[in-house]
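A.B. asks: Here's the letter readout for the chains.
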Amino acid sequence: MSVAQLAVTRRGDGRSEAQPPTVALALLLPLALLGLWALSAHQGWLPVQILPAPSEALGALWELAKTGDLLRDTSISLLRVVEGFAAGCVLGLLLGIAMGLSPTVEDYAKPLFTAFAQVPTLGWIPLLMLLVGIGEALKIIVIAKAAFVPIALNTMAGVRAVPKHYAEVGAVFRFTRWQTLTKVVLPASVPPVFTGMRYGLTHSWNALVAVELLASAEGLGYLLVWGRQMFWLDTMMGAMVIIGLVGFLLDRLMAGAERHLQRWRPA
Amino acid sequence: MTRTLRGLALPLLLLACWQAASHFGLVDRRILPPLERVAHTAIDQVVNHGLLGHLAISLLRDMVGFVLGAMLGLLTGALLGLFRTIDLLVFPSFNGLRQIAILAWIPLISIWFGIGETAKVVFITAAAFIPVVLNTYEGFRSAPDSLVEVARAFTFTRWQAITRLYLPSALPSIATGVHLALIYSWVASIGSEYFMTVGPGIGGMIIAGRERFEMDLVMLGILILGLVGFLINRSASLVEARLLRWQQA
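Those protein sequences? They're chains A and B, same order as listed. The first sequence begins at 1 in our numbering and counts up by one. The second sequence begins at 1001 in our numbering and counts up by one.
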């Protein structure tokens, strides 16, 4: 057993993370809060417009699920993110690879890119609303921008960081440029590129929420706006739970894909 | 030198196209106002409409939220990182709530705290809080085992261990968290002004520009947004490098 392994065992006190007592402890706080929330609603400490009973929040979520509204809004939001993320991904990968491979391209493109990336996605939304209106195009562009920036940056860094001797092996095999790119550079830069894509997807999801809050007539963000206007806190809470859940699942999905693509690496 | 020239080529080309398109009437001037019009708006806003006041208020709000969020975050992160029981009790819940995109909190916050200053500061505080908690927590947990053993050999008291071992080894990570918090809180300041459209601020100015279809005003706002973000980021990097200089040795 190596020193590192020893250290790990000692730090974890020999307990694995998911043992039942741990889960019970983790659930204690949410349950206590839920109890307090239910008690407060029962005693009427706060008006319903400020804090509806937990049962009402759950009921609202159930109602939304039953009428199919929830599924519809979630799938609209998801579709937007998939489209925007795919566009941002392709552009980000292309620019990142080009800048990573060629210092000349980097010299020309990096300053403009940096200036473009400096303004947060939220800042571009009003400008884009004037340029392209508030239709689907706006959402796709905003989401694509959010994914584009971290993907381009991480791809560039990843391509740069491919060890020189990998390329030398490629040269020994007399690989063409294309072969070097597809068989050496791209596989070797998978980890940083995927880190970028994971960030990109998270940014895309956040951008979706932003753009749907500002300009949309459907989707999860709109559900929030609508709940706000009607003072339906239960609907808003339901929408927030779904936004968190989908965001979490999207990130897990990327993490899974990352592991899958890296299985060739020696541990 | 060549690099600088190359770097300037694309932006200058874009600006030239923009100027030409706008002067020769190739595009609607309302969509793409000529550069001098944007410059004129900038001067007009500073002189007649208190642009600097808007900026000062946005920055002040940003700083109040940032300081509150960072302090709360440091405290929470340290408690989570140092005490295993608190970690087990609280961290999973924090992690769950963290999954919700920060902007999705705005409607709820605006119902609980209104749409005035309090609500905005609450939102900015939350945005700054999250990265500081995460990075402080990570930092405290990543104290090297060898040092933990040294501390044990010297029979450090709990307090000594915290101030001489855990805090110093957490510092780089804390610095990262604070740096992120600075960036997030600036974006959150703008976001809060977008959605809680009461009172002065740069975000409010951009939204007003959009509603009145004044592209020059929107562009000016975006320029300021980017510049301020850039300056905040740059100064944070400088401070960070200075504070962590001892690490290089």
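Keep in mind the hints are simulated off the structure, nothing from the lab. Note that this is a predicted model, so its numbers are computed, not measured. Note that the Cβ used here is the ideal one computed from N, Cα and C, for glycine as well. Just to be clear, a hint being listed does not mean it is correct.
[To be verified] Label-pair ranges, simulated between beta-carbon atoms:
id: 1; chain 1: B; residue 1: Leu1075; chain 2: A; residue 2: Gly35; range: 51 to 61 Å
id: 2; chain 1: A; residue 1: Ala32; chain 2: B; residue 2: Phe1113; range: 18 to 28 Å
id: 3; chain 1: A; residue 1: Glu83; chain 2: B; residue 2: Leu1035; range: 27 to 37 Å
id: 4; chain 1: B; residue 1: Ser1235; chain 2: A; residue 2: Ala257; range: 31 to 41 Å
id: 5; chain 1: A; residue 1: Trp62; chain 2: B; residue 2: Leu1010; range: 46 to 56 Å
[Claimed, not checked] Which stretches of chain B does chain A cover? Using the computed rule of at least three CB atoms under 8 Å from a CB of chain A, they are:
id: 6; stretch: 1123-1130
id: 7; stretch: 1238-1245
[Said to hold, decoys possible] Some, not all, of what chain A presents toward chain B, calculated at C-beta under 10 Å:
id: 8; residue: Ile125
id: 9; residue: Val162
id: 10; residue: Ala239
A.B. asks: Each hint: holds or not?
C.D. replies: Here's how the hints hold up against the structure:
1. B/Leu1075 - A/Gly35: 51 to 61 Å: violated, 26 Å
2. A/Ala32 - B/Phe1113: 18 to 28 Å: holds, 24 Å
3. A/Glu83 - B/Leu1035: 27 to 37 Å: holds, 34 Å
4. B/Ser1235 - A/Ala257: 31 to 41 Å: Since B/Ser1235 and A/Ala257 have Cβ atoms about 37 Å apart, the given range 31 to 41 Å holds.
5. A/Trp62 - B/Leu1010: 46 to 56 Å: holds, 54 Å
6. 1123-1130: violated (count 0)
7. 1238-1245: It is violated: at least three residues are needed, and the stretch 1238-1245 of chain B offers just 0 whose Cβ sits closer than 8 Å to chain A.
8. Ile125: OK, holds: A/Ile125 within 10 Å of chain B, min 8 Å.
9. Val162: Cβ of A/Val162 sits 23 Å from chain B, so the hint is violated.
10. Ala239: Holds, because the Cβ-Cβ distance from A/Ala239 to chain B comes to roughly 7 Å (cut-off 10 Å).
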